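Enquirer: Based on the sequences and whatever the hints tell you, model everything.
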Amino acid sequence: MINDPLSVITIVPLAVGLALLIMPKILSSAEGLARASRAISMGVSLAMLAITTMIFLGEIGSIDWTDYGSGYSLTNDSILLIPSIGVSWTVGIDALSFPMVWLTTLLIPVSMLVEWDAKKGHLFHPLILIMEGALIGVFVSLDMFVFYVFWELTLVPMFFLIMVWGGDDRRYASMKFFIYTFTASVVMLIGILVMYLYTPDVAGSGTITGHTFDLGVMVSSASSIPSEGLRHLVWIMLLIGFATKMPSVPVHTWLPDAHVQAPTAGSMLLAGVMLKMGAYGFLRIAVTALPESTMVFIPLLIFLGMVSLVYGAWVCMGQTNLKRMVAYSSVSHMGLIFLGIATMQPLGIAGALFMMFAHGIISPLLFAVAGAFKHHYHTLEIGSMRGIAHHSPWMAGHMMLGWMASLGLPLLAGFVAEVTVLIAFWMSFGWLVMLPALTLIITAVYYLTSMQRTIFESNDPHQGILPDSLHGEDPSDITWHENAGMLILGALTVLFGILPFIFWDMMSDWSSGFMIDVLVQAMESEGVNP
Amino acid sequence: MTSLGQLNLDSETAFTLLPELVMLVGVLAIILIPNLGNATFRMPLTNFRVPILIGGSRFETTNDPRMPNRITTATFAIAFVSSLLMIDSTSEEVGGLLRSDAFSRLFSAMFIGALLLVSIATTHRIPAKRNARVPADGDSEAVTSRKMAALIDNRRQVDFHILLIMVGLGMSLMAMSTNLFMLVLCIELASLSTYILVAFHKEEDVGGEAGAKYFIVGSVASAVGIYGMSLLYIWSGDLSLDALAEKWGEMQGIDPFAAFGIGLMMVAFGFKVSAAPFHLAAPDAYSGASSPISGLLATASKAMGFVALIRVLVMITIPDFGEESYWFLMLAVVSVVTMSWGNLAALTSENPKRMLAYSSVAHAGYMLAAISVVGSGLAGEEGTRIILIAITFHLAVLVLFKLGAFLVLSLLETEGSGHRMQDLHGLGKREPLIAGSMFVFMLSLAGVPPLSGFLSKLLMVNGIVSSSAGTGSPSTTSVYSWIETVDPVFFLAAAIVANSALSLFYYLRLSLVMFFEESEKPSRLKSAPSLRMAIIACAVLTVMCGIGPASEWLVGLVTTSIDSLLG
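These protein sequence lines are chains W and U, in that order. Residue numbering for the first sequence follows the working numbering, beginning at 1 and increasing consecutively. Residue numbering for the second sequence follows the working numbering, beginning at 531 and increasing consecutively.
There are no misleading hints in this set.
In silico DSSO-like pairs for lysine-lysine, Cα to Cα no more than 30 Å straight-line:
id, chain 1, residue 1, chain 2, residue 2
1, U, Lys959, W, Lys25
2, W, Lys119, W, Lys374
3, W, Lys120, U, Lys959
4, W, Lys119, W, Lys176
5, U, Lys1056, U, Lys659
6, W, Lys176, W, Lys374
7, U, Lys1056, W, Lys120
8, U, Lys1051, U, Lys959
9, U, Lys732, U, Lys659
10, U, Lys1051, W, Lys25
11, U, Lys1056, W, Lys25
12, U, Lys1051, W, Lys120
13, W, Lys176, U, Lys959
14, W, Lys119, U, Lys959
15, W, Lys119, U, Lys1051
16, U, Lys959, W, Lys374
From chain U, some residues computed to sit far from chain W (all C-beta separations above 10 Å):
id, residue
17, Ser541
18, Thr576
19, Arg579
20, Pro581
21, Ala666
22, Glu671
23, Asp735
24, Glu911
25, Ser1060
Simulated from the structure, these hints should not be mistaken for laboratory data. Note that this is a predicted model, so its numbers are computed, not measured. Quick reminder that beta carbons are idealized off the backbone N, C-alpha and C, glycines included.
Expert: Laid out in structure tokens, this is it:
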């Protein structure tokens, strides 16, 4: 067990979460379990965080993250799951997946903390625990079948989180969320199956199809798909799956609905980790397996990234709903990830990776604040409330920090990511960089105007304007557990802004290695001078 | 050619036909046991009375109206286990008409397993009450009718269960048939029993109408099929499947007799699998019948149709792989129409049974698409094997989650509801475990991993993609030009994907109302312990057969059986 920490951090949350959900229903003697389930969930998630942190510190597996080569660490001995079609339980991490795994294990306890007093907590916290197992499973599994299983499995707890604890329009939002992402994933599945089909025929392996779902084999054999047209088609099918998850314009419309209706913890995980699944899968599978197609479709990537970036930011300016605005800003930031990948520079890809990580800390902070706003002011309308700095100073402080980080203020985590992507973009595409760079101004505009309208502006410096939804009551400041969660995220935002190299080193190592292994070769065959 | 009538009733044959003999004994037992009583025969001229057991006043155990159900359940349990154990045994010919091999035994296990679940559900769906009383004079009208209904239900336990075993016998023998005549005969044995079972609640309007409609359409379809069979007989002079396949292989071009014969038989089998446009009776039949019987139609009866299609289409008409068969295009079109029609119609259904009926039409479409790929000539021997494995696996796991969903509706029907979407409202609060199982069934029907419905759909799409993706020209450099060169079969996979997305709407809708609507009746459902256990067992197996050792075991069984079919 100690040799295989990744299987542990995947399976333990799933098993404990399921047990906490089911046991009280089956055994009447397990009533106590329902009461303790919140504490148990928190304990398990903290243990998982401890394990991943120890992996980072080299206590487990003694990996030197400051000088990370290629290949996977902490791999296990494959356990055959469905030998007849070549499915096995294989896990491993590298510098691409590890920051995401650590981020997941961090955000789960934080989001539990923020919603510590959630209604039906005996169901809420176990569901989040199941979510943790599914998310980690996506990042660590090295078998495409298992990857896909976890990929879809994340939908189920999130569906219930939105559906049970969501806002008024939750039914529409959760259905839309499920159907959008499921449909896109099935398209992706066809792409995966075509790749599966061209894995080398393993004679005598006992499979009925003669192929394997092993990620490494599938990725390395994708270039042997005979027709270039088919390779492009596979790439596009994969892109549809991943871009919908990310999400990129024009398949982004599920995101604002899901975010607005989701409970705070749901939004935090959705923005923090689930969106990153798309970028992770895109890099891990589509770009790695089919680098030549990626080269061919760089204009498409730039187009999608640029449209997402500009459109997302532009739409933000017109939003009056706080969560909707933050959701569109996520769309906008995800556009930067596409641009970073499209540069085909180590710097740009590392910037995209850091964007995944930084956005994974900042956007949960933003959603935690928005959730707290909803919780204490019973509204999400930006204009309905003015001068919350007077009533809720802590909330105002976190809100400021989050928005500043999101618009890319130097010394905060978002800045590092944005600036590296933009530099790489300039190196690759020259003055085209003006478009994304100017979009940052739009971002600043919408954040600053809402900041001015909600936090500060007030006719009466002592009263502010209270929304009607409070019915004349006095608003309260955030509770201790909300505050604690936000403080952790805020502190990390600052920490990774000042000391980005904590994760930056491994990310840039990975992208350089990735460039050398995969992309240079592809560029040469496409006639581009790297 | 083996001549008929060489049946030797020795112990070896008896062992080969063990599940069928067990069912035969079961039928006899149901007829005999409830009639056992204390009747005696007085020896003439003496006072000595010899008990003859038949007649008189019945013993307490034999008088128990629950007896037929218990006998049936026990019969199916024994027959199920024995078929399952026989999957690995070698192929045995019986009398030149039947062959017991892994393929037929897998299917008989599937049929009998489904019937076992139906029989368990019937215990609570058509309950027998020991304390049923004749209505007294002073009873109100409602009480009188309730008492009468209980008496009638007691009275017809035997009828129902005999028919159930007859269905099992017909289906099981049908899976073993190596002769087309025997095959059609056994299908008719099973079908006639199901017609009556559908109409079993004939005192209700819907039951009578459903049965009549199903019977009329079904018998017309059968008649067409038998006409097709007679054309085949004129063409070949022999109805043994091997002889037909051999004759087909020798045929130059396409003989119209043979082509029409096969085509007409496809009408009969298409009705059985409820393929469009022969599916129109299915939703009425499903919604009119009691839920266990609807589940039987959606799983075992459908599997029976697919066995027939595999036997006739795959085993006769394509003896050497690699050529496009004449029915390919027709079947491909039918499959796409079937899946789209089923899903679109299911979207608007307000009756959960109708919705599941249309979803079962859609699933037939997916499987027909896979079969049509076999006929496209692209599949090759290996591809055919994989596609048949996929279809058989799908049929097997369908018994778990499709029938499981109908079992949940059966549980609802015990309180008289289950015909409206509203009846499912609030099930999550009333019965969390049952609602959870239903949710698993819905997700599995939609093909969400890691459930078994996903694995089976993946195997089918894999079969289609692996047969067709290689046909695109290898020299194309753009997506568009590749799509132009690829064989259109590839787009059957796209049709399945599009339909899967469409189907999510109604599967999710049904799941949603269970958890997020308030119930009209907040009380818990009837206790029905065995039915609950069956539902939960189905749900657990649905999960387990999706990934891990159980799925590997099932895939292994299916592979063995398909290998025995293909020789």
